[in-house]
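In order, the protein sequence lines correspond to chains A and B.
Residue numbers for the first sequence follow my numbering, beginning at 81 and rising by one.
Residue numbers for the second sequence follow my numbering, beginning at 368 and rising by one.
Simulated from the structure, these hints should not be mistaken for laboratory data.
Treat the hints with care, since some could be wrong.
Stated by the list, open to error - One side of the interface only, derived from the structure: several residues of chain A facing chain B at Cβ under 8 Å: (1) Thr91; (2) Met93; (3) Gly107; (4) Asn112; (5) Asp238; (6) Asn241; (7) Ser242; (8) Pro251; (9) Tyr252; (10) Leu265; (11) Ile269; (12) Glu272; (13) Ser276; (14) Ile282; (15) Leu301; (16) Arg305.
Said to hold, decoys possible - Away from chain A, derived, C-beta distances all over 10 Å, residues of chain B: (17) Thr408; (18) Gly504; (19) His572; (20) Asn649; (21) Gln703; (22) Arg707; (23) Ser711; (24) Ile733.
In this text, a Cβ means the ideal position worked out from N, Cα and C, and glycines have one as well.
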Amino acid sequence: MIKEAVYYESTRMFHGSLMNIMGTRFGLLLINKNRIESYEVWNNVVFELRRLDLLFNRFDINSETSKINCEAKHGFMQTSREMMNVLKSCKDYHKRTLGLFDITLDDISNVLLNEKNCSVAFTKDNVSLDFGGYAKGYALLKIQDIMNNALVEHSFIDFGNSSICGMGHHPYGSAWKVGVKNPYLPNVILDEIELSDNFLSISGNSPSYTGHIKHPGSQKLVESRKVISIISENPLDAEVLSTSFMIANRKEQELIKENFKIQNIGQYNI
Amino acid sequence: MSKIKPKEIDSSLRKFIKDLGYISGGAAILATTPWLQSFTTDAAKEIKNEKAKIGFIGTGSRGTYNIQAVSAIRHAEIVGLCDIYPPNLKAASAIVPNAKTYTDYRKLLESKDIDGVIISTPLYMHAPITLDAMAAGKHVYCEKAMALTMDECKSVYEAYQKTDKVVYFCMQRMFDEKYIKGMQMIHSGTIGDIVGERCHWFRNHDWRRPVPSPELERQINWRLYWDYSAGLMTELASHQLEVCSWAMQMVPETVIGTGDIVHWKDGREVYDSVNLVYSYSNGVKINYESLISNRFNGMEDQILGSKGTMNLASGVYYLDDDSIGQKSGIEQLIGQIGNRLYASVPAAAPSWRPETKTSFVPHKIIKGDFQVNDGLSMIGALKDGTDEILSAFCQGCITGERGENIVEEAYTTTMLCLLGNQSIAEQKKVYFPDEYKIPYMKFS
Numbered sequence: 081m082i083k084e085a086v087y088y089e090s091t092r093m094f095h096g097s098l099m100n101i102m103g104t105r106f107g108l109l110l111i112n113k114n115r116i117e118s119y120e121v122w123n124n125v126v127f128e129l130r131r132l133d134l135l136f137n138r139f140d141i142n143s144e145t146s147k148i149n150c151e152a153k154h155g156f157m158q159t160s161r162e163m164m165n166v167l168k169s170c171k172d173y174h175k176r177t178l179g180l181f182d183i184t185l186d187d188i189s190n191v192l193l194n195e196k197n198c199s200v201a202f203t204k205d206n207v208s209l210d211f212g213g214y215a216k217g218y219a220l221l222k223i224q225d226i227m228n229n230a231l232v233e234h235s236f237i238d239f240g241n242s243s244i245c246g247m248g249h250h251p252y253g254s255a256w257k258v259g260v261k262n263p264y265l266p267n268v269i270l271d272e273i274e275l276s277d278n279f280l281s282i283s284g285n286s287p288s289y290t291g292h293i294k295h296p297g298s299q300k301l302v303e304s305r306k307v308i309s310i311i312s313e314n315p316l317d318a319e320v321l322s323t324s325f326m327i328a329n330r331k332e333q334e335l336i337k338e339n340f341k342i343q344n345i346g347q348y349n350i
Numbered sequence: 368m369s370k371i372k373p374k375e376i377d378s379s380l381r382k383f384i385k386d387l388g389y390i391s392g393g394a395a396i397l398a399t400t401p402w403l404q405s406f407t408t409d410a411a412k413e414i415k416n417e418k419a420k421i422g423f424i425g426t427g428s429r430g431t432y433n434i435q436a437v438s439a440i441r442h443a444e445i446v447g448l449c450d451i452y453p454p455n456l457k458a459a460s461a462i463v464p465n466a467k468t469y470t471d472y473r474k475l476l477e478s479k480d481i482d483g484v485i486i487s488t489p490l491y492m493h494a495p496i497t498l499d500a501m502a503a504g505k506h507v508y509c510e511k512a513m514a515l516t517m518d519e520c521k522s523v524y525e526a527y528q529k530t531d532k533v534v535y536f537c538m539q540r541m542f543d544e545k546y547i548k549g550m551q552m553i554h555s556g557t558i559g560d561i562v563g564e565r566c567h568w569f570r571n572h573d574w575r576r577p578v579p580s581p582e583l584e585r586q587i588n589w590r591l592y593w594d595y596s597a598g599l600m601t602e603l604a605s606h607q608l609e610v611c612s613w614a615m616q617m618v619p620e621t622v623i624g625t626g627d628i629v630h631w632k633d634g635r636e637v638y639d640s641v642n643l644v645y646s647y648s649n650g651v652k653i654n655y656e657s658l659i660s661n662r663f664n665g666m667e668d669q670i671l672g673s674k675g676t677m678n679l680a681s682g683v684y685y686l687d688d689d690s691i692g693q694k695s696g697i698e699q700l701i702g703q704i705g706n707r708l709y710a711s712v713p714a715a716a717p718s719w720r721p722e723t724k725t726s727f728v729p730h731k732i733i734k735g736d737f738q739v740n741d742g743l744s745m746i747g748a749l750k751d752g753t754d755e756i757l758s759a760f761c762q763g764c765i766t767g768e769r770g771e772n773i774v775e776e777a778y779t780t781t782m783l784c785l786l787g788n789q790s791i792a793e794q795k796k797v798y799f800p801d802e803y804k805i806p807y808m809k810f811s
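Take these sequences, add in the hints, and give me the full structure.
This is how it looks when you write it as structure tokens:
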């Protein structure tokens with residue numbers, strides 16, 4: 081994991097970046113914090129991201145997700161309180177998205193929770209948890225707490241291009257302006273979005289990465305050339321919805337919208 | 368008269384050089400590839416009614432390949448064939464029935480009808496025959512490497528200084544379009560500063576040929592014995608080390624290596640596995656590896672630059688700027704804020720994933736289809752520059768014009784190969800000896 085941090089004295093700006101965290105890269109820009117404060121925030125953010133990577137990374141045999149994926153098919157097993165809350169939250173999102181958000185990519189009803197004992201079990205063998213459409217939003221919620229505690233007013237986060245957070249505003253503007261790129265034509269901008277104290281999540285296919293989103297009901301891969309953007313004050317809502325809207329038909333989209341407080345939804349057919 | 372119908376096997380390269388000259392300016396191309404100066408379409412026209420009379424010494428597998436290539440050159444005629452192994456001589460004679468046959472190369476050299484000789488013998492005979500041929504007043508083309516020993520290399524080089532004859536060694540990559548264009552791109556800065564060079568040659572073959580009776584073992588399987596061959600270094604690495612020096616425009620100062628017989632433990636003496644590191648004075652290194660018991664990695668001549676990578680054998684290059692998602696939106700934002708600008712950053716897109724080797728966009732060095740040598744053949748690969756260098760030599764036999772730098776490149780490369788073997792044998796770092804340095808070489 082490559083970690084870099086630079087403080088620009090002349091502009092009172094801090095830039096931190098992490099390569100290969102949660103399967104992607106993470107970048108943070110802090111404005112108007114001094115050097116010591118900036119590094120303190122950054123260190124807390126890095127610590128939290130690494131902790132969450134170990135919680136959610138299904139490719140790491142030592143992660144809690146891996147342990148559940150290996151053992152829960154044999155019967156109830158103990159989980160951390162945090163994991164239990166995450167699983168409850170995922171079940172809740174499953175309901176609110178009409179079943180389109182599903183961390184098992186199949187049928188989350190096969191995941192049984194015993195809240196009282198803080199334990200989980202799978203009802204059959206080939207069930208596994210994949211937090212790919214959830215973890216980054218969850219991490220941004222946690223990072224938001226760190227920023228609030230440190231009284232950060234102006235910041236910009238780019239989490240793997242697809243999850244963007246703009247808090248406060250650009251030093252020379254009233255918000256943070258972000259262009260939504262056409263993944264098939266990298267020099268073409270589909271839309272320009274202004275962020276200020278909110279989150280943007282993007283979901284879509286790209287030439288080198290098509291068919292990574294699957295409809296949990298039909299099990300068909302979503303291979304259409306489209307991009308979905310969701311703006312919300314809640315990064316987890318934005319994350320969950322951008323994936324769900326890739327799968328949902330127009331009618332489902334309308335119904336799902338009623339269950340969320342969304343600031344803007346964009347759909348770009350390309 | 369050969370049974371093979373002549374055709375213009377060299378016209379593609381001649382046209383390529385002409386076009387390259389137009390694009391880059393004639394002076395630029397000649398500065399980096401002076402041996403191509405006379406390899407023009409105009410020169411081909413001037414000699415179209417003339418024929419170089421060629422004698423072949425060594426008519427084994429590589430010799431036969433060369434016979435077939437020369438038979439297809441309009442400005443050449445094969446008039447003599449020589450080999451000490453009767454089956455090979457007979458087979459060659461079937462291709463060129465009118466050529467006179469010899470079993471002693473000295474007799475062939477006495478022939479007044481022969482302008483130049485093409486030597487395709489085992490390595491240990493390269494220097495003796497080359498020296499005798501020059502002494503006999505013949506133009507000489509010899510397969511690589513130059514010689515079996517450093518002293519022989521020196522003798523050949525010194526004899527070349529004293530003769531006015533045309534002398535070529537088969538450094539065919541110097542006549543391969545993708546190498547010529549690739550080098551021009553390297554030297555014009557396409558991949559930035561050269562920071563490393565990696566070459567490898569992998570095969571899975573025992574390097575043996577069938578032997579009709581045991582007493583012919585060393586004559587036929589000469590590559591496997593130190594008295595006749597310098598093993599993988601001269602047979603394979605010589606081509607690749609030449610490419611490295613050509614790219615760097617320098618010669619490595621030191622080499623350290625290791626070699627073993629890892630798999631083919633059949634009584635052979637030469638290594639079937641070698642790993643060497645050659646170092647230039649500026650710290651850039653050549654990593655060389657050859658193994659003939661696994662062919663997975665094939666063959667590649669790779670030049671690593673600060674801005675990109677050139678895979679010359681494959682004819683493909685990659686630029687760092689082409690890596691997918693190489694700059695984050697934040698990096699662009701930092702630039703904006705530093706310049707007090709407020710604008711959009713094109714940050715948002717479907718999830719970025721870590722870069723892998725395949726995320727770099729491959730570019731062809733030359734347009735259209737071209738031959739890629741997978742390195743598996745023991746004889747040679749089609750369209751690897753061999754036909755063209757043979758044509759250039761035959762042209763030289765007519766015009767008397769020498770191919771600039773070719774002997775020097777062969778000398779330098781062979782020395783590097785032999786120093787590599789010395790390092791392996793002595794198990795220590797070896798420095799390029801002063802007494803073998805020639806004015807052509809640049810070490811810093």
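Tested hints:
With 8 Å as the threshold, the beta carbon of threonine 91(A) comes within range of chain B, its nearest partner Cβ sitting at about 6 Å, so the hint holds. The beta carbon of methionine 93(A) is positioned within 8 Å of a beta carbon in chain B (closest approach about 6 Å), and the interface hint is therefore held. Here the hint on glycine 107(A) is kept, as its CB sits about 4 Å from the closest CB of chain B, short of 8 Å. Given the 8 Å rule on beta carbons, the hint for asparagine 112(A) is violated: about 11 Å separates it from the nearest Cβ of chain B.
For aspartate 238(A), the interface hint holds, the least distance from its beta-carbon to any beta-carbon of chain B being 5 Å, beneath 8 Å. At about 4 Å, the closest approach between the beta carbon of asparagine 241(A) and any beta carbon in chain B falls short of 8 Å, and the interface hint on this residue holds. Contact between serine 242(A) and chain B, as hinted, is supported at the beta carbon level, the nearest pair being about 4 Å apart and thus within 8 Å. Because the smallest distance between the Cβ of proline 251(A) and any Cβ of chain B comes to about 6 Å, under 8 Å, the interface hint for this residue holds.
Interface hint at tyrosine 252(A): satisfied, since its Cβ lies 4 Å from the closest Cβ of chain B, which is below the 8 Å cut-off. Evaluation of the leucine 265(A) hint against chain B yields a violated restraint, the C-beta minimum of about 11 Å exceeding 8 Å. A cut of 8 Å between beta carbons decides the hint on isoleucine 269(A): the least distance to chain B is about 6 Å, and the hint holds. Hint on glutamate 272(A) holds. Least Cβ distance to chain B is approximately 5 Å, under the 8 Å limit.
At about 13 Å, the closest approach between the beta carbon of serine 276(A) and any beta carbon in chain B exceeds 8 Å, and the interface hint on this residue is violated. Among the interface hints, the one on isoleucine 282(A) holds; its C-beta lies about 5 Å from the nearest C-beta in chain B, closer than the 8 Å criterion. Annotation: interface hint on leucine 301(A) violated; nearest CB of chain B at approximately 14 Å, more than 8 Å. A distance limit of 8 Å between C-beta atoms decides the matter here; for arginine 305(A) the minimum to chain B is near 11 Å, and the interface restraint is violated.
The beta carbon of threonine 408(B) is kept farther than 10 Å from every beta carbon of chain A, the shortest such distance being approximately 41 Å. No beta-carbon of chain A is positioned within 10 Å of the beta-carbon of glycine 504(B); the least distance is around 63 Å. With a least beta-carbon separation of about 37 Å from chain A, histidine 572(B) lies farther than 10 Å from that chain, consistent with its non-interface assignment. Non-interface status of asparagine 649(B) relative to chain A is upheld: no Cβ of that chain comes within 10 Å, the nearest being about 27 Å off.
Consistency note on glutamine 703(B): stated as away from chain A, yet its beta-carbon is not over 10 Å from all of that chain's, at 8 Å minimum. With 10 Å as the threshold on Cβ separation, the claim that arginine 707(B) sits away from chain A is violated: the shortest Cβ distance comes to roughly 6 Å. Under the 10 Å C-beta cut-off, the non-interface status given to serine 711(B) relative to chain A is violated; the minimum distance is some 4 Å. Distance to chain A confirms isoleucine 733(B) as a non-interface residue, since its nearest Cβ pair spans about 26 Å, more than 10 Å.
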